Structure formats: structure tokens, C-alpha cells
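Trainee: Generate coordinates for the entire structure from the input sequences, incorporating the hints supplied.
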Amino acid sequence: ASLAAAVDPSNNLASERSSIESTYELTKYLEYQLKEIKDVYLTYLGPPFNEKDFSPPRPNSTALTLPSAATRLELWHGLENQARLAQNQRAYSILLAAVRELARSTLCPSLKTSLLHFCTGLDGLLGSISALMNSLGYSSPLQAAARPTMNDFARKVEGFWILRELQSWLWRSAKDFNRLKKRLRG
Amino acid sequence: MISFMFLLLLAPDVLFSLTHVAVISPQDPILRIGSSLTATCTLTTELGLHAGSLYWTLNGVRLSSSTYRTVSANILTIELHSLNGSQQKSGDNLMCHGPDGRVLAGSCLYVGMPPEKPVNLTCRSHNAKDLSCRWSAGGPGETHIPTKYTLKYKLRWHERENECVSYSVEKQGYSCRISANIALFTPYEIWVEATNQLGSATSDISSLDVLDVVTTDPPANVQVSRIGSLEDQLMVHWTSPPELKDVLFQAKYQIRYRLEDIADWKAVDNVGNLTSCRLAGLKPGTVYFVQVRCNPVGIFGSRKPGIWSDWSHPAAASTPSGDLLHRGSCDPKASGQNSTLRRELKQFFGWVRKHASGCSSVSIKLYDQWRVWLQKSHHQPRNQVQQDNNS
Numbered sequence: 016a017s018l019a020a021a022v023d024p025s026n027n028l029a030s031e032r033s034s035i036e037s038t039y040e041l042t043k044y045l046e047y048q049l050k051e052i053k054d055v056y057l058t059y060l061g062p063p064f065n066e067k068d069f070s071p072p073r074p075n076s077t078a079l080t081l082p083s084a085a086t087r088l089e090l091w092h093g094l095e096n097q098a099r100l101a102q103n104q105r106a107y108s109i110l111l112a113a114v115r116e117l118a119r120s121t122l123c124p125s126l127k128t129s130l131l132h133f134c135t136g137l138d139g140l141l142g143s144i145s146a147l148m149n150s151l152g153y154s155s156p157l158q159a160a161a162r163p164t165m166n167d168f169a170r171k172v173e174g175f176w177i178l179r180e181l182q183s184w185l186w187r188s189a190k191d192f193n194r195l196k197k198r199l200r201g
Numbered sequence: 002m003i004s005f006m007f008l009l010l011l012a013p014d015v016l017f018s019l020t021h022v023a024v025i026s027p028q029d030p031i032l033r034i035g036s037s038l039t040a041t042c043t044l045t046t047e048l049g050l051h052a053g054s055l056y057w058t059l060n061g062v063r064l065s066s067s068t069y070r071t072v073s074a075n076i077l078t079i080e081l082h083s084l085n086g087s088q089q090k091s092g093d094n095l096m097c098h099g100p101d102g103r104v105l106a107g108s109c110l111y112v113g114m115p116p117e118k119p120v121n122l123t124c125r126s127h128n129a130k131d132l133s134c135r136w137s138a139g140g141p142g143e144t145h146i147p148t149k150y151t152l153k154y155k156l157r158w159h160e161r162e163n164e165c166v167s168y169s170v171e172k173q174g175y176s177c178r179i180s181a182n183i184a185l186f187t188p189y190e191i192w193v194e195a196t197n198q199l200g201s202a203t204s205d206i207s208s209l210d211v212l213d214v215v216t217t218d219p220p221a222n223v224q225v226s227r228i229g230s231l232e233d234q235l236m237v238h239w240t241s242p243p244e245l246k247d248v249l250f251q252a253k254y255q256i257r258y259r260l261e262d263i264a265d266w267k268a269v270d271n272v273g274n275l276t277s278c279r280l281a282g283l284k285p286g287t288v289y290f291v292q293v294r295c296n297p298v299g300i301f302g303s304r305k306p307g308i309w310s311d312w313s314h315p316a317a318a319s320t321p322s323g324d325l326l327h328r329g330s331c332d333p334k335a336s337g338q339n340s341t342l343r344r345e346l347k348q349f350f351g352w353v354r355k356h357a358s359g360c361s362s363v364s365i366k367l368y369d370q371w372r373v374w375l376q377k378s379h380h381q382p383r384n385q386v387q388q389d390n391n392s
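Quick note, the sequences are listed as chains W and X, same order.
Residue numbers for the first sequence follow the working numbering, beginning at 16 and rising by one.
Residue numbers for the second sequence follow the working numbering, beginning at 2 and rising by one.
Note that these hints are calculated values from the structure, not bench results.
This one's a predicted model, so the numbers in the text were calculated from it and none came from an experiment.
You may find that some hints are simply not true.
Stated by the list, open to error - Covered stretches of chain X (in silico footprint by chain W; criterion: 3 or more residues with CB under 8 Å from a CB of chain W, positions within the stretch not fixed):
hint, stretch
1, 22-32
2, 54-65
3, 97-110
To be verified - Sample of chain X residues lacking proximity to chain W, with all beta carbon distances greater than 10 Å (derived):
hint, residue
4, GLU194
5, SER207
6, GLY273
Heads up, the beta-carbon is just placed ideally off N, CA and C, and yes, glycines get one too.
Mentor: Have a look at this one:
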């Protein structure tokens, strides 16, 4: 009986590890895709949004306060697997809704299509993370965020920062998944 | 590890949300090209800033302070005149900055014109199965702000109006494809409505019979072949486009052909309604590219001249090459190699010395004569010719 118990968990972990690997690959791919879309989107917003050193004030909206990719090193290091995954899941679920809204309000049809296509990738990432959490036995509560109304300029600034935050998250997630892979091995 | 130090730096250490610092009025206005606007930047919190120290930018370009007016300690206005059409459809970015350059507030300006009647509305039906229409914007001003176009159509003597959903933007304008339930034998009335925030306009109504605007696929199975050993002729065969093979109409065809390395096409009109044609007057030993297209003129009794299909894929064939004599009279082989030419000229001068007495200068006529002589003596072994020249 104990032998059977010893065999089962390691088998599960093997499939989890390969699932983590493919999720890692997905974040790298989305990071690359985002770079291209970001340039087109910033050109659509018009100058100075597409100028090199432009940095408008960062809005306080939900999508940009919780959760932020930026985190202190020792906190990030010490994250338990469940917390690490939960943070990723929460981030992408909020950012996905935000990018979908960006796409909806984009007036240029080809850019709108590109953004929606990117959203399906993000959705896939979110699905991978949720599936991983389920198979590791973690619960994954999700909540929808309300969207405040704002004027067009404020929406442009928010869009600018959402893409930046998304970039930070994709960059961080790659490291998150690497860390998860190592922790699950030992 | 170092990468996470970077993430620390990204953490926002400021900042105020935009709405808490200053507000620009009006927000997101929609204006006509050439109009004027007075905008106000009102500081809402105590930042220790005076309105006189602020400045404005439009699309990243700083605006001249001669147009500013400090109304009070926390209100700065600007006068914008003769506004140009918006640089991007998402709106021009008007911003109010603190003296250190930081953005305090922003507003999007939409500057354009109400639409003019859409123009150049033309429609085509592919194989009588759909209706694709194209049109252009009536004026330049409407392209600066978001303008929506709707292609509408109805059958004459019927009441119901339909809309063509999801049009696409092309280089030359807009197009929309109606694919469901195309009716024949009753004319359509088609028009385009253009709307934006500044107004709307409707194009003239275009009345058309689908059968007058049918275009088919190009002819199929285009083949080019030699006719025996005839050097200057090729035979072209094709079949009528497959989609309409069950429909009785007399298509007319047109052929065009060109030499392999020359861009200009020669056309053969009046091919009639047969599915083969003999091309004559061609160069021997040459590769030709041939294309065919068709026009369903008179389809189902239509009296219009009809619309030509696209050209078929090119088919190629070569005419048989002529005998040696003919080859000799063609353009000299492009040798481009000095050694060959020099050898030839050396032989030529030798010949001149022998056959043209008192000749110090070479003339083209002599050269021609020598070329003719060379052809005639082509049958003799080369050595003999050389011996003659080197004496």
C-alpha cells in the first residue's frame, strides 16, 4: 500500500513538470508577441505615447494596483507554490479582462484583431495556470473587477500602463515557472 | 537576481492618479477642421505649483506660450486656432505639464469633418453567387475621425432594406461582400451611408442588375502547344470556367502573350467564343508565356458589355528553333568575353589585309560582308579558315 502511494505522487509531478514547462514556453511566446503589438498600439495612441522615454503618471485603477509584478526579492523567493501560482492566476485574469477592454475600444480594425488574437493566447495561459493549480490540489477563486468610467485620455494612459504591467508579468512568470519546476523536482 | 533588483525600481514610488492632480476641460471634444478651441487646465490639489509655470503640448509638441493665459493661480488656458485634422484616429493628445515636464492632465481632441457623400460605388458579382461592392470616402476630412460606413441594399419594388455587415478597409477605399440570397432577374438598389460624430451623408443610389456585373473565374486548363514543326506558330487551348459550365452563355475570350524576358504583352482580341486559338507571327526558338481571360457577355440576356475575369495562370511553350542559317542571322551570341571577340577581330583584320588592298580603316560594310562570308564557309573545317587568315 505504501509502495503504491510512493509511486503515484511522483507520476503526477512528472506530468505537472511538463505542464509547467509548456506554460513557461507560452509565457516566452506571449512576451515576444506583446513586444510587436505594443509598438503598433503605442503608434495608434499617437505621440508622445510612442516616444522612447515617455512615462505618464501611473493610474490607480484595479488592473494596475493588484497585483503588481514588482515585488521585493526576498518575498518573491519565499513564495509557496500555491501562493506563487495564485498570484499569477489573479494577475492574468485581471490583465486579460483589461486587454479585452482595450481591444473593444480600439478604433483601428486590424489592431483590434491583433489584440483579440493576443487575448486568446493570454486566455490559454490563464487556463494552463488554473489547470496546474487544480492538479496540484490548490483552490483557485476568481473574481471579476469592476471598471470605472473614465475619459479617453485617461483610458489611453491606462492602456499604456496595462501593456507595461503585462510585459513585467510575462517576464516575471517565466522566472516563476522556472522556480516552480525546481521546487517540484526536490 | 539582478533582474529582480530592476523590478524593484519599476515599483511605483510616486504617484498621483491623473484625476487627482489636474483636470483639462473640455474632455474628448469633437471639432471641425479649422475651428478654434479654448482649453483650460485646472490644478485641483495643492502641489505647490502656480498656473503660470505650467505648459501645454499637443501630440508631444510643446505649444507656444504666447497662446497661454493665466486666469488664476491654479487655472491656465490655451487658445488653439485653425485646428488641423487629427493625426491619429484615437484622438490628438493635448496635455498640461508641470515645469519639470511631468504630465498633470490630458484630453483627446477629435478634429475632422462631417462625411461627404461616399463616391465611386461599384459592385461585382462573382459567378452570380455573391455581390461585392467597393466605394471611397467622399471627402478627406472624414478620415481623421472615426467614421462608420454602412452599405445598404434592397430589391427594387420591394420594401425591405438590408445591410451588408462588416466591411473591410482597402488601399483605395472600402468594400463589403453580400453573400446570402443573391437575387437574379430583379434589379438591386444599393447605397452607402456614412456617419460620424459631426454628421452623416448618403451616397447616390446605384441601381444594378446582378447579371450585368457578373465576373467569372478565369478560363481553365490553358495549354499552349507547338503546331508540328511550324516555327512561328503556337496553338492555345482552354476550357470555359468550371463554375459556369452548366449555364448557357456565350463567353468571349481574350488572349495575351509575351516573350519570356520582355515585360510587354501583345493582345489578341476578337477570339470569339471558341476555346482555341492559333498564334502566328512568332519568333522561332523562343519561349512564350500565354494567358487567357473571359467575359460572360450576354449572360441570361444581359445587354451590358460585361466584365472581364482575371487572367488565367500563365502557360508557356517554345516555338521550334530554325535551322543553322536562321540562327546565324539572329543577334550575335552575347559572348561578352573579350578573348572570343579579340580572336574573331584578329581573324578579321587578317582577312582585310588579304582581301581589301589599300584599306587602312575598317568599315562596318566590310565587317558585314565578312560575316556573310563566314556563314557561307561555315561548312568548311575551322582550321582551313584560320590558315587562310594567318597568312
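Trainee: With reference to the structure, classify each hint as holding or not holding.
Mentor: Outcome of the hint check:
no., hint, in the structure
1, 22-32, "holds (count 4)"
2, 54-65, "holds (count 4)"
3, 97-110, "holds (count 6)"
4, GLU194, "holds, 18 Å"
5, SER207, "holds, 25 Å"
6, GLY273, "holds, 45 Å"
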